[in-house]
Each structure stands twice: as C-alpha cells, then as structure tokens.
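Undergrad: Starting from the two chains in their separate frames, assemble the complex, guided by the hints.
Letter by letter, the chains look like this.
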Amino acid sequence: MSPRELTVSVDDDRFDVPRAYFADADVWRRELEAVFRHAWLLIGHESEVPAPGDYVTRRMGLDEVVLVRSEAGELHVLLNSCTHRGTLLCKADVGNTSHFRCGYHGWTFGNDGTLRGVPRGRELYGKDFDKSQLGLRAARVDSFHGLVFATFDQELCSLPDYLGPMAFYLECILGVSPAGTDAPYGSFRFTHLGNWKLEADNLAGDGYHLRHAHRAGFEMGLMGAQAGSVEGVCVQFEHGHALRAQRTATDAEEQAFPGYPEDRWPEIATQLSPEQARMFAHSTVMHGLVFPNMAFVHTPRAGGFDDGEVDAAMMQVRLFNPLGPDETEELNWLVTPRDYPEDWKLSAFKTMQRQHGATAFFESDDLENFRRMLQVNGGRETNRLVPANFDLARDVAPFTPWFDGPGNVVGADVSEVNQRWFYRHYLEMMGADA
Amino acid sequence: MSNDDAVVAFIRHETHLLNSERYDEWLGLLTDDFEYRMPMPVLRDDPTQPRYSDVSLLAWESVRSLTLRFERILTDFAWADRPPAFHRRHLTAVRVAPTEDPQRVAVSSDEIVFRSRVPEGSTMTSALREDVVDLSGSAPRLARRTVLLDQDRPDLAQIALLY
Numbered sequence: 001m002s003p004r005e006l007t008v009s010v011d012d013d014r015f016d017v018p019r020a021y022f023a024d025a026d027v028w029r030r031e032l033e034a035v036f037r038h039a040w041l042l043i044g045h046e047s048e049v050p051a052p053g054d055y056v057t058r059r060m061g062l063d064e065v066v067l068v069r070s071e072a073g074e075l076h077v078l079l080n081s082c083t084h085r086g087t088l089l090c091k092a093d094v095g096n097t098s099h100f101r102c103g104y105h106g107w108t109f110g111n112d113g114t115l116r117g118v119p120r121g122r123e124l125y126g127k128d129f130d131k132s133q134l135g136l137r138a139a140r141v142d143s144f145h146g147l148v149f150a151t152f153d154q155e156l157c158s159l160p161d162y163l164g165p166m167a168f169y170l171e172c173i174l175g176v177s178p179a180g181t182d183a184p185y186g187s188f189r190f191t192h193l194g195n196w197k198l199e200a201d202n203l204a205g206d207g208y209h210l211r212h213a214h215r216a217g218f219e220m221g222l223m224g225a226q227a228g229s230v231e232g233v234c235v236q237f238e239h240g241h242a243l244r245a246q247r248t249a250t251d252a253e254e255q256a257f258p259g260y261p262e263d264r265w266p267e268i269a270t271q272l273s274p275e276q277a278r279m280f281a282h283s284t285v286m287h288g289l290v291f292p293n294m295a296f297v298h299t300p301r302a303g304g305f306d307d308g309e310v311d312a313a314m315m316q317v318r319l320f321n322p323l324g325p326d327e328t329e330e331l332n333w334l335v336t337p338r339d340y341p342e343d344w345k346l347s348a349f350k351t352m353q354r355q356h357g358a359t360a361f362f363e364s365d366d367l368e369n370f371r372r373m374l375q376v377n378g379g380r381e382t383n384r385l386v387p388a389n390f391d392l393a394r395d396v397a398p399f400t401p402w403f404d405g406p407g408n409v410v411g412a413d414v415s416e417v418n419q420r421w422f423y424r425h426y427l428e429m430m431g432a433d434a
Numbered sequence: 435m436s437n438d439d440a441v442v443a444f445i446r447h448e449t450h451l452l453n454s455e456r457y458d459e460w461l462g463l464l465t466d467d468f469e470y471r472m473p474m475p476v477l478r479d480d481p482t483q484p485r486y487s488d489v490s491l492l493a494w495e496s497v498r499s500l501t502l503r504f505e506r507i508l509t510d511f512a513w514a515d516r517p518p519a520f521h522r523r524h525l526t527a528v529r530v531a532p533t534e535d536p537q538r539v540a541v542s543s544d545e546i547v548f549r550s551r552v553p554e555g556s557t558m559t560s561a562l563r564e565d566v567v568d569l570s571g572s573a574p575r576l577a578r579r580t581v582l583l584d585q586d587r588p589d590l591a592q593i594a595l596l597y
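As given, the protein sequences belong to chains A and B, one line each in that order.
Per this note's numbering, the very first residue in the first sequence carries number 1; after that it's consecutive.
Per this note's numbering, the very first residue in the second sequence carries number 435; after that it's consecutive.
Okay, chain B solo, but in the shape it has when bound (with noise of 0.2 Å):
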C-alpha cells in the first residue's frame, strides 16, 4: 500500500469511528496538540474574496475539550444527547498533499454530513474538510481538522456536529 493508500485508509477508519461514535478509539487517534476548528461562514460581495472569516471560529476544540464533550454524553444530564441523534458523515473525494514538513500530509475531503432527530428534523450538510496528518510514528494520527461549510447562517443543529 503506497502512503497516500495508508492515509486514505486512515481517514476513511476515523471517520467509521465517528460515525460509530466509538469516540475513546478516535480521540486516540489525535496527536497532543490536535485542534478542530470551524470558520465563520461570511458572504462578501465580490466572488473573488474568502468566504470564511479569518477571525471568527464557531468551533475551537482540543483534545481536552473533545474528551470533555464525549465524557458528558455518558453522563445522565446531557439534555441535548439524550436521546441521541442519527447522524452519519458520508466522505468522498479524498485527496493527499504533501506539505513543508515532510512527516505531515494534507488531505482534502468533500464531506456531506446527515443528522436527524426529533424535533429538529434532518439537516444534510455539505463541508469541506481540511486536515493534517501526522506520519512521524508508526500510525498516522489526525493532527487538525478545519471545516468548511458550503452555508452562510447556519442552523445550530448543524454546527453542533462534529464534522
């Protein structure tokens, strides 16, 4: 398997976790610093500027404050988890890039993203994914995550995903 095959591999395999929500084994497969961030979507008038703000960030978590949300889900007072949602990240298009630093590969993912639950209702949200992957040990682990959504004012059902 080339190493762009093992990466692709890598993120199709966090991705069932998440889906899965087997979030112990996933958190598991961060490095230390990982952070998982979401921009503002900002419309500007000409087609030409950036779409997200560079400032704003809707999401900013580490691994710290991952763990924290996971462990609350198995407390009994996560009002908003109990019940749980549906929900399933559908990933296509997975692209590898080398970066400056040599042990680190940026892969590109298009991302549509289905959640559902009473009452709410289903959202089906389309994102780009941008992340960094670490290769320095002897398995790849997720390093960043950036997500991009295809959407200007979201819906807090779907920025409450993790994407």
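Isolated chain A (complex conformation) (with noise of 0.2 Å):
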C-alpha cells in the first residue's frame, strides 16, 4: 500500500489519519525516504564527544551512524560503514580513539573520515588508487547550544533555516546561561512498542491528555503549578516544528523564573530578549517538536517526589527513531546550564528520572496509550471505520497571549492544532493526497 493509496482526509469537517500510517511497513519504508532523509536530525549533545577522538554511535533512521571528534577538535557525523564493503566500523556504544579500523580487511580511517590506509594498497590496488575519494561518507553536522544536528540532504536549507523562529522559544531555554549546555548524565537508550508518530505528535502539543492519562500525578499532587491557575498557547512553525507553553496565569509584572536559582534570575533577564524573558517567565510546562523526531519537556520541579531540598527546572531532550511501524528506539538526555551547581543538576536529574525517565511511570502511561494504539491497528474493520482523529478546538475563542513571539501563536492550552501542524507537513512530505 503507497500512502497515495492512502485518503487523508484533510478538510473544513474532518481530520482524520488513516491508521495505515501508524502499522503500514511500506508507509514506514517511505518516510526514512521521504520525511528522515529531507530533515535535520539530532545526533546528540556535543558535551558527549569534550575530547578528541571521543565517539558516540548513534542513528539517523536506520542509518548508523558515529558522532566524533576529530584530533582537531571537529564536530563529524559519518556513515559507520566501511567504504570497502560496508561493514560496521565502529561497533561500540561510545569511546575514544583516533582511527576506526574495519575488521573485515583493516582499511583504517582517521577520526575525521578520511581514509589512512589499505593494507597492501600500492601492491594490490595499484599505484594510481585514489584513497581521498573513499573516505567516510559525512553528513552536514551544525550544532544549536550544544545540540547536534546532522544531515544527508546537500540541499535542505542550513540548521539556523530550518529551526528558523522556534529558535527563539529553544532559547528561552537553552540559553539561559552565558556558559552555555551540558548534558551531565549522558544519554539513555532504550526501545519501545509503538509508532514514532505518537510521541511526537504528542510532545508537540497534547495538552488533553494530560488531566486523563496523568490523572494519577495530578490526584497524587505531582504536577505542582501545573494543577493551578494556568494559561497556555500552542505555536507552529515552518517545516513542521510545533510547541506548546503553558503559565501560571498572573499580572504580576515581576518576573519569576520557577526552578531557576533566584541569585541567577538577573542573568536570565539579561541573556534572554525582553520578549523572550516576558514568555518564558512564570512557565509552568513547555514542550514541543523539533520536526520529525526531536522533542522536548521542560518543567520546574513538580514537587511530590523526594528528589533533593533544590527546586531544579528540567529539561528533557528526546530523540525517536523508527525501528519499524510498531518499534521505535527511544535516546534522552537531561540538559542543563553547564555552569548551574552541581546539587541543581543533580536535583533536575532526579526529576527527570522520577517523572519523565523510561522507568517513571508519567512516561509508562503515555507509552502505554501507545502500545494499545498499536494494538488495534491490525483489524480491518478497525482500520476502515477508526481513523485518528484530530478535530479538538479548531474553532479557538480569542485569546491574547502574554508575550508577543514569533510563529504562529495560538491562544489555546488545549488544542490538537499542533498535531493538524504535524500531520499536514508529514502527509505533504510523504506525497499524500490530501
């Protein structure tokens, strides 16, 4: 089945996805085509790879791929496949070295791609063999305060274009500190049942769920300011990013950042524009995707939880890759202010793993939704008679937001406008008829 084969039914009455495209192999054999190979994809945290030669193994859909660092201190994503006969060259989850050796025939290359030698090369390949154009093959690598990002595509547009105005909301974040990121406990990862779609339609903006499938965190009085007076927008942007913010709703002018030591309040107020600063005070929740497959949680500490005496925010980036319509490998990483005390990062961690970590059971009832989702994918009549759907709030009341940012905001915390955002630029790209 081609998804053209596939009716989207996008129009004034209904949006429906067929549930082909969470279950179809074809349909997942065409996104790593038509949706991975056209995107900027995260690699990882550039705090993974501090010294020369370190490495990290990593994917780019399901192409393997190693994240290092060069003896001269370059960021490089290469194919880790050999350009002999594509064996896997680097075969572990992290490391150091300054060559990577294959080891079918020993041809070697440096830990910038380039390839250093072929065992008995002059004798056997002759004196005319041209070893610079048998280097690793390299993606595009550009980096976003601290994040790696790396592509395939020649032609896509550069990281800053294609993050484009998300940018500014990232930054509320990411670039709180002058010091910049760090990603102190490293990455985790882990695979799941489930189609990568889910998650990421949902970090994009499902604000619906939570009161239902996060009933127990609110009931067990986790969700701290979350459970109070609240204000929220859901904001899109071009190539398919969306996000969603979410604050204590107040007239207070003073600005408060929840979760940020006090004495760094004046630094905040410095490094992000006034704009910026107006939106991201007060936040209570702010999540969103990167398109196709990079999302993010931020939370000020939801309290509940034992996880140390100082209120730490936490960021959670995450990663998605899909293994095939029904599995999906998960990576994240905390990330944090590199110059923040070691008892704030320490506290964020906890958070993270309590709340939002592959053990924490905020996480095991989203992913269970998932897994059921799945579940059902296989009947006919299902599939014929049950499309997602994604029809709540399109008629959203006026609402002015607290800030004036840039993309298109809109004023509702419970919407799945995100979501429409995500699927219309997935289905476009993915030649649907819409």
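Warning: the hint list may mix true and false statements.
[Claimed, not checked] Okay, derived cross-link-like pairs now, EDC-like style, lysine to aspartate or glutamate, Cα gap no bigger than 20 Å in a straight line:
| id | chain 1 | residue 1 | chain 2 | residue 2 |
| --- | --- | --- | --- | --- |
| 1 | A | Lys345 | A | Glu48 |
| 2 | A | Lys91 | B | Asp584 |
| 3 | A | Lys91 | A | Asp63 |
| 4 | A | Lys91 | B | Asp586 |
| 5 | A | Lys91 | B | Asp479 |
| 6 | A | Lys91 | B | Asp480 |
| 7 | A | Lys345 | A | Glu262 |
| 8 | A | Lys345 | A | Asp263 |
| 9 | A | Lys345 | B | Asp488 |
| 10 | A | Lys345 | B | Glu469 |
I should point out that these hints are in silico values taken from the structure, not numbers from a laboratory.
TA: Structural data, given as structure tokens:
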C-alpha cells in the first residue's frame, strides 16, 4: 500500500489520518526516504564527545552513524560503514579512538573520516589508487546551543533556517546561561513498542491528555504548578515544528523563573531578549517537537518526590528513531546550563528520571496508550472505521497571549492544532493525497 | 542459623514479597536512606572496560518515590498497570560478603526476571543484583539495590520492572 492509495481526510469537517500510517511497513519505509532524508536530525550533545577522538554511535533513521570529535576538535557525523564492503566499523556505544579500523580487510580511517590505510594498497590496488575518494561518507553537521544535528540532504537549508523562529522559544531554555549547556548524565537509550509519530504528535502539543492519562499524577499532587490556574499557547512553525507553552496565569509585572536559582534570575533576564523573558517567566511547562523526531519537555520541579532540596527545572531532550512501524528506539538527555551548581543538576536529574525517565510512571502511562493504539492496528474494520482523529479545538476563542513571539501563536492550552500542523507537514512530505 | 543464612533468608523473603506484589510489606524492609539504582548499560570496545555508565542511571528511586509508584497502582488511573503484567523474579547464587561497615553486608545475586503481558509479549531479563543489607537493627533491612542488566539497549518493558 503506497501513501498515495491512502485517502487522508483533511477538510473543513474532519481531520482524520488513516491507521495505516501507524502500522504499514511500506509507509515506514517511505518515511525514511521522504521525511527523515530531508530533515535536520538530532544526533546528540556536544558534551558527549568533549575530547579529540571521543565518539558515540547513533542512528539517523536506519543509517548507523558515528558522532566523533576529530584530532582538530571538529565534530563529524560519519556513516558507520567501511567504504570497502560496508561493514559496520565502530561497534561500541561510546569510546575514544584516533582511527576506526574495519574488522574485515583492515581499512583504516582517521577520526575525521579520511581513509588513511589500506593493507597492501599500493601492491594490490596499484599506484593510482585514490584513497581520497573513499573516505567515510559524511553528513552536514551543525550545533544549536550544544545540540548536534546532521543531515545527508545537501539541498536542505541551513540548521538556523530549519529551526527558524522556533529558536526564539528553545533559547528561552537553552540560552539562560552565557556558559552554554551540558548533558551531565549522558544519554539514555532503549526501545519500546509504538509508532514514532504517536510520541512526536503527543509532545508537539497534546495538552488534552494530561488530566486523563496523567490523572494519577494530578491526584497524587505531583503536577506542581500545572495543576493550578494556568494559561497556555500552541505555536506552529515552518518545517513542521510546534510547541506548547503554559504558565501560571498572573498579572504580576515581576518576572519569576521557577526552577532556576533566584540569584540567577537577573542573568536569565539579561541573556534572554525582553520578549523571550516575558514568554518564559512563570512557566509551568513547555514542550514541543523539532520536526520530525526531536522533542523536548521542560518543567519546573513538580514536587512530591524527595528529589533533593534544590528546586531545579528539568529539560529533557528526546529523540525517537523508527525501527519499524511498531517499534521505536528512544534516546534522551537531561540538558542543563553548563555552569549551574552540581546539586541543582542532580536535583533536575532525579526529577527527570522519576517523572519523565524510561522507568517513570508518567512516561509509562503515555507509552501504554501508544502500545494500545498499536494493538488495534491489525483489525480490518478498525482500520476502515476508526481513523486517528485530530479535530479538537478547531475553533479557538480569541485570546491575547502574554507575550509577542514569532511563529503562529494560537491562544489555546488544550487543542490539537499542533498535531494537525505536524501531520499536515508530514503528509505533504509523504506525498499523500489530502 | 548463621548470620549469612539469615541474610539469604531475608533476600528470599523480600523477593517473595515483590513477586507477590505485597509492596507495603516490602517497603517496610527498607532503610530510610534506601536507594535503588539501575546504571545504563554501555558497551565499549575494550572488554576490560566497565560495561555500565558511571553517571547515567536509568532508574534512581528512593523510599518516597517507590511509595508513590506503588500508591499509583492502586488508583484507578494507573493505565500502564491495568491490567497488571505477570512477573516473577528467579534468584540464584546468592552470595554474602562483609563490607567495611561491620553492621552492613554486601549481597550479590544472579537474577532472571520474567514478565508477560499483551501486547508487549514476554521478556526474560538476566541481571546481577548488588545489594547492601543493614544488620544494625533487630531484623535485616535493605539499604541499597543496584541492578546491572545483562543487556545493551534494553526494552522499556524490561527496565520499567523492579528487580
């Protein structure tokens, strides 16, 4: 079944996405070509490879890649595949090396990807053998506040242009300190059942599920300021990005940055533009999606856990790679300001692992829903009669946000406007008939 | 019964309580400063290097956070635990060793944990449990549990379990 054979109902009355988009192996294979190939993909954080020779192995779609810092200190994202026969070169998760050596015929590459050595090369390949043509295949690489992105699409715009005005919002979190960002607890990598898009659309802006999927959290007093009097917006950007931002409803002129040390508030106000500071002050939660497969969640400490005396905000960055239509590999990182105190970082880490980590129960309830959506995908009548529906809050009451920010700002805390935005962009890339 | 035998009996008992989902009783066997940790498995090229991250903990639980975890199961909204999964911990080779603290012993056990539920299917996970048992009171209490999974890139169904 090709996506063109799937009728997508996106009209004035309904926004339905057929279940096949979450179940069909042909759709998944097309996603890798049509979506992942033409996007800047998150690879990791610069702090994971601080020294020359440091590397981590990652995936871009199904492509195995190595993020490595060369002897010259530059970041490279290289296809993890020997240019002789394609053997996976680097089999470890992390390490440090000056060279990658293939275990099959011994071809050896520098940590900048240059082919350095070919056993008996001159003798067997001849004196005109041009090693310079056979370096490891390299992706374009760029960083944003410590987050490393890459793409193999030479035609795609630059990373700053790709992120566009979404940077205004990401910088509210990633730009609070002039010292930059850190991922002090490394990366977490695991697999789970479920289609990758379910997590993507959820984190792009599902404010609707909170009071139900996470009702246990509300009933047990673990939702902090999100359980109070709040107001929120959903924001959409070019290239398919979207985010949801919520704050405590307040008339206060004074800017508070919950979860950040009070002695840092003046610095935050200086680091951010006045409009960014206005947006970010009194924040209760901000989460979003950098299309297609990077998401983030930022919350002040919710309370309830004994996760330290320090009131630390936590910023979790996530990456989901589709291993198939129904299996996803997730990586996540705690990202903190680089120069904040260790006890602040530790408190943020405990908050992350106990609320949003792989073993935390907030997360488990989300992933349970994604699994149960997968469970019905096999049904013929279900596929015919029950598409995924995204009609919530198509008519939003006028609301003036508390800040003047870029992107298409919709004054709705609970809406499916971001999910519609995500799927519209996704379906357009997939070439679906809408 | 020797001291070591009493510690082994204690470990068998607390494992039985986890298998039986008698979580309140199990919480009663923990010291106030109990910590439960699961380091991230990380494969490095050199077989002599450690196979677990020394900074990345997949789970880091306290008595309070575990209490909340168990309380949640009893609410009507613990979606991931309703209906519950089958689960059983199989312990073997329980070893007791002294620590520098005369009131605490180190206990290591080899463990296989079976878990099964639709739609996740069944998982069988091998791990090493490294415990610290406190003997300062009238009965042994569990002070630390570190779980070392024998698996790179585990599945969520495996790491969400309490080992």
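Undergrad: For a quick check of understanding: which of the numbered hints are violated here, in increasing order?
TA: Violated hints: none at all, because every hint is consistent with the structure.
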